[in-house]
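Asker: Could you build all of it, start to finish, from the sequences and the hints given here?
Going line by line, the protein sequences match chains A and B.
Adding 4 to a residue's 1-based position in the first sequence gives its number in the working numbering.
Adding 905 to a residue's 1-based position in the second sequence gives its number in the working numbering.
Everything labelled a hint here was simulated from the structure, so no lab data went into it.
Incorrect hints may have been included.
Straight-line C-alpha distance at most 30 Å; calculated DSS-like pairs for lysine-lysine [to be verified]: (1) A:Lys71 to A:Lys48; (2) B:Lys1217 to A:Lys225; (3) A:Lys87 to B:Lys1217.
Since we're looking at a predicted model, the values are computed, not measured.
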Amino acid sequence: MLLNHSSGFVDISTLQLDLHCADPKRLVSPDELIAMGIKLPRTKFPPGKGFLYSSLNTIVLGRILEKNSGESFDELLRKRLLKPLALHRTKLDTNGKLDPPFCHGYTDFCRNMPRQTDTSEWPQFSFAAGALASTLSDVHRWGVALGEGFSLTPTLRQARIDDELGVGVQRAGGRVISFGHAGSEAGYSANVQYYPSTGTVWALMANGDGGTGEAFMAVIKALQPVVEPLAAPSEKWAP
Amino acid sequence: MVVAATEASNSGGLVDIGGGRKIYLQCSGVGSPTVVLISGTRGAHDDWTDLMDPKNPADGTKPRESAVFPQVSKVTRICVYDRPGTTRNDTTVTDSTPVRQPTTAQQGVADLHALLIAAKEPGPYILVGHSWGGLIARLFASTYPDEVSGLVLVDAASEFLKSSLTAAQWATYIEATKKLIESNGLEAPEHARTLGLLHGSPQIPAMPVVVLTSDKRFDFGAGGAETWPAWRTAQDHLAKVLNAKHVSDTNSGHAIQMEQPQLVIDAIREVIEAVRSGSHQVARNETDAELSPIAERSRIALEKALDEGFTKSGLPGVITGLWIPSTGSWIASRGVSDLKTKAPMTADLQAPIGSITKSFAVTIALQLVGEGKLRMEDTIERWYPQIPEASELLPKCF
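Answerer: Structure representation (C-alpha cells):
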C-alpha cells in the first residue's frame, strides 16, 4: 500500500550522520542526498514487495510532492498543516536557526568530537523525512490531529493505520494500542503516540542521543508500563 | 489639555475620511490598546451601546450602562462606528455617506483603516467583530498585523462555514446573501468574493483571541434552523485555527453582545489583560484547558518511572506530556535544556523532532491523494527517471 517504505531504498541514517560529523555546518540539499542515496545498492526485494525503513523514501516523497503541486514542501506544510492546526512554533528548520526559546541538543554520535557536542546550530538536511523543529505543546496538538485523522477522508484515515503510512502502529492481540512516530537527530530525540481507545496523546522530547539513540529508549521503556494502562486500559479495547 | 482633547473626541460625530465621504464614529475612555467594535451586516454603532429591557421588550432598545461600549470604556479607549448602509435599531439609516453596494470585507478594512487614521485614533487595536464584522476584523488583522494586538470574534462568519455545509446548503446561503442587494443603498456584503480574497491573505500573527459562539439555533440562511450545527462546526474550526479561547456555552442567539453583553465584556477584558501582559494567547487551547492534573496516585507512579528512566538514560534533559481526555494531564521534565545556563526543560522550547516530520509529509501526500491531485498509480519514472527501477516504483512505495 501507500507510502510504506517498500521501495527497497537502503537506510541512509549512517550516511547522514557521517555527513554531519564530517562537517556539521554543511547544508546538503534533498537532491544531493537523493543523488548520494540512489548510488547505494538497493535491497534485494522488488519494489513494493518488502519493507525497509529509510529516510530516503520520505525525502523522495517530499520532492515528488513539490514537483507534483508546484509548491515547496515548506509552503505545503505551512498551508496544509501548520497554519490550520495553529502549530505556531513548528517550522521546517533547514539552516540551523531554531527560534528562541529553544532547547540545546548534545550529541555523542561523532567520534571525532568531544562528548556532548552542542548541535543546536547544525543545519538539518533530512527535509521531508526529518527537518521539522517543534515544541512539546505543538507536538501534543499534532498528536491529536494525527490521531483524529485531521483533514483526511475516513478511508485514508483507516488506511494510514492499517498500512502504517507514515506512522508506526503498536498492536496487542490484533488491536491497535497506539500509533505515532519517533524522531532522532544528532543531539535530539522525540516521540509522539496517540492511543485511539481513550484519545490520549503521549509526547516526549530529549536533548541527547547517548551516542546510540538508546538513551532515549531508556526513558520510554521506564514510562511505558505506567502510561499504557492509563492510555489504553484493557477493558476499553477488549471486544 | 489631554483631558479636554479626550472629552472632545468622546462625543460621536461624522469624520471626513476623504474622497467626499464621511463615517459616523463614537469613541470614549482612556487607555491602550484601543478596542474597535465592528457590527454585523447592516448593524450600526448602537448594536454595542443599546440594550433591550428584558421586562419591557416592547419598548425596543435604549442606551444602557450595562452595554459593551460603556462598560469597556471604563478600562480602555473604545470606538464604534457605522459602516455605510447600516441601520440603527429603530430602523433609521446611518448618517455615514452611502457607497455602491454590494460591498466586501476588503472594502470594510480599507474604510475602517482610513477612519481610524482620520480620527487620529492610534493602534494597537483590539478588534471585536460580530458576524460579518468578524470577517472584517480578521482581514484587518492580516492586512495590518503590526496594528492589531488582539481579537474578539462574536459569532463571526467565516470561510469554514463552506466546508461544514453541504454544497447545496452553501449555495442557498450565498443566494440568501445576494437577496440583500437592493437599490436603497443598504449594506449588502458579498460573501463569495470576500472569501476568495481572504483565502490569499497572509496568516494572522499569534495574538490573544476569544471566539464567542451562540448556542441557540438560528436560521443563518442556509436552508433553515436545522442547518445550524454547521455554524457550530465552523466556529470550532475558527477557534482552533486562531488558537483562540472558545466560549461556546453562551445561552445566547446570534447577537451575543445584545443578549449576553457581560460575556462579550469579559472576553474583551481578558484580551486586554493578555495584550497588556505581553501574552500571545488568552488561555491554553481547550484540550489543555479542559484537563485537570492527573490523579495523585497515577502522578506518583509516572514521576517514579520518569526518575528511573532518566537516571538510566544519561540524557542532559527530557520533557514528557501525557494528555488523557476526561482523566487528566501530566507534564514533567528532568535535567536541563542548556548545560551552560542549567535552564530547565519546558513545553515551549523549540527543538528538532526528526522523523516525526515523516508523519507530516505522509499526511500531506494523503491529503493530495484524497483531493485527486496525486495518483498512486503513476510510477516515479515521471519524476525520477534516473532512479533504478523507477518504472516499477509507485509513489505508494515510499
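Asker: Now tell me if each hint is right for this structure.
Answerer: Hints, one by one, checked against the model:
1. Only pairs whose Cα atoms come within 30 Å are accepted, and Lys71 (chain A) paired with Lys48 (chain A) is accepted, the gap being roughly 28 Å.
2. For the hint linking Lys1217 (chain B) to Lys225 (chain A), the alpha-carbon distance of about 11 Å falls within 30 Å, and the restraint holds.
3. Simply put, Lys87 (chain A) and Lys1217 (chain B) have alpha-carbon atoms about 38 Å apart, too far for the 30 Å limit, and the pair is violated.
This entry does not satisfy hint 3, going by the numbered hints stated previously; all others are met.
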